[in-house]
Amino acid sequence: MTKQTLPNDKPIMGKIVEKWEECFETYCFKIKLPVKVQGAKPGQFVMLWVPGEDEYPVGIAGLKDSILEVGIAKMGPGTEAMHKKGVGDLVGIRGFYGKSFTPPDDVNHLLIGGGFGMTPLKLLTETLMSTEKKQNIHVFEGARSEDRLMYLEWFRDLHNQGKINFHACTDDGSYGYQGFPTADLEIFLQESETPSVIYAAGPEKMMKAIFDLGRKFANVIDMQMSLADRYMRCGFGVCSSCVVDPTGWRICVDGPIFNTEKLEKISDFGVYKRIETGEKKRI
Amino acid sequence: MSLATKIGNITIRNPMILASGVLGTTYSTLNRMYEAGLGAVITKSIGAKSRAGNPNPSVFALNEIRSVINSVGLANPGYQIFREDIEILMKNSTPTIVSIFGENKEEFKEVLEGLKDLSVLAFELNFSCPNTEMGGAQIGTDPDLVYEIVKELRVKTKTPLWVKLTPNVSDVIEIASVAVKGGCDALVAINTLKAMVIDIHTKQPILGYKKGGLSGAAIKPIGIRYVYDLYEHFGDKIPLIGVGGIFRGEDIIEYLLAGASAVEIGTSLGVAYPENMIRFFQMKIKKYMKEQQFGSINEMTGGAHR
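Protein chains in written order, with the numbering used here: chain A, 1 to 283; chain B, 1001 to 1306.
Quick caveat, the hints were computed from the structure, so don't treat them as lab data.
Fair warning: there could be bad hints in the mix.
[Unchecked claim] No farther apart than 25 Å at their CA atoms in a straight line, the calculated lysine-lysine pairs in the BS3-like style are these:
(1) A:K205 with A:K133
(2) B:K1203 with A:K32
(3) B:K1109 with B:K1049
(4) B:K1091 with A:K85
(5) A:K163 with A:K205
(6) B:K1105 with B:K1116
(7) B:K1091 with A:K281
(8) B:K1091 with A:K280
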């Protein structure tokens, strides 16, 4: 029987069946889960256990035939330990956790992000493309340089096939235009006369800039942003390590995707995040 | 019919208290849980200095037994920083109990001294965390140390002191008795049970700290037994607060009948809608009181002993 989702339980052990270097200091993995499962939604995450090393939240890039795809950027010892894993190795998976993106119909879908944030946006792109209705999808990706653009080939292929519009940029101009992804987004919004929804994932400071930009445009009817880049312990709402003030929302269950209405209430958004001690640190 | 309950000389609007370690990292979740309908809330255990706690994995569910294992290990920002959160709670008039811990007597004193001017409902002394080398259960299993600490803290504050007991002792009455002798105002039973999970495929303990503590439905009958035993021994002499595995309103009633004046709820609130859980708990208690013609919570306390 195929389960719609995994039960909230101890890590189940999946076997790495594929590994590739996606871009600078970033590896992608396909992990075969030992149970038949489907229904991972874009924006949701899993807790990835690298046995004996660490456990942390990672975005879901794909799930097909019980094979989970994740992308891991080097962020510290825990992610480096994962980078050392290879085909045949076992890692633990808990999830799927959190609320997903909820794209409405009849809007321009504007996906924007950078770095590891491209992981949930990849699954969102796939999900949008698989709907019966033809969707107007724009993906805006930014990175420091060409070798750091995640899923560059994948998005470029889709662009060339006319399935999406891919807008890439780099800080050094080595690929796409030179600058931040918000520049192209702003041009699009200035020119567009139809309603748009912005979906963002990546560094929180960047998302705050996107949020502030999006608020200036009346044709942006909603923004949905992933605050998953937070320190987490449990992933299912019991420990409150990831809580934001002043609302008391837990990123792991009340998020990680929050819409405009909610983001406006989170004073921590783009300003503070919590560290292991529970203390708040400026982003 | 009233849901209000008396614990020594304090009264709270209903017997449901948020247990320490759950949803208590910041003022905002504590406010949220109080506004959702709890009678009072308890902060995450606060110590003398900031602590990162143990490495991950440090919390995960055991679905089969509706329980959670954790080895968080007293992660907290230290009382000087957390004081600001308590001040916001006071401004919001949220009935707050502050859980405190120390690696030794001196640290307990330092934390209490640093927070005692705040008008909190009580201090809960955490003598029972199983996930740390120093402090926690290593204090709570030593009757001399428990007595000394409670006695010394007692003279420093008029705020009620609650002692949270560890179930990981052979004679809980012995530890409870010295806590009462030292001058505590209520006994809280129980903290988590020592536990462990090993992954058989990689042959590795799953928790980063390897060992942890178990909470949730699996420990409820154990908690009931401890509260029953304590009530059997102390009767009305000291108020008891029952904690461990409350997932339904019936579980709360069971703790009250065993001898508790109030209960602490933790693990079961780790869901998408804790507000709904709290509403269900409250509805069940009211229904039971009506059916059984109880006018107050304190009338139910110890009902199973008569």
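Do the hints match the structure? See the list:
1. This hinted pair does not check out: K205 (chain A) and K133 (chain A) have alpha carbons roughly 34 Å apart, beyond 25 Å.
2. Among the hinted pairs, K1203 (chain B) with K32 (chain A) is consistent with the structure: their alpha-carbon atoms are about 19 Å apart, no more than 25 Å.
3. About 13 Å separates the Cα atoms of K1109 (chain B) and K1049 (chain B), which keeps this hinted pair within 25 Å; it holds.
4. At roughly 51 Å between alpha-carbon atoms, K1091 (chain B) and K85 (chain A) are farther apart than 25 Å, so this suggested pair is violated.
5. For the suggested pair K163 (chain A) and K205 (chain A), the alpha carbons sit about 29 Å apart, so the restraint of at most 25 Å is broken.
6. For the suggested pair K1105 (chain B) and K1116 (chain B), the alpha carbons sit about 16 Å apart, so the restraint of at most 25 Å is met.
7. For the hint linking K1091 (chain B) to K281 (chain A), the alpha-carbon distance of about 24 Å falls within 25 Å, and the restraint holds.
8. For the suggested pair K1091 (chain B) and K280 (chain A), the alpha carbons sit about 20 Å apart, so the restraint of at most 25 Å is met.
Checked against the numbered hints above, the structure violates hints 1, 4, 5; every other hint is satisfied.
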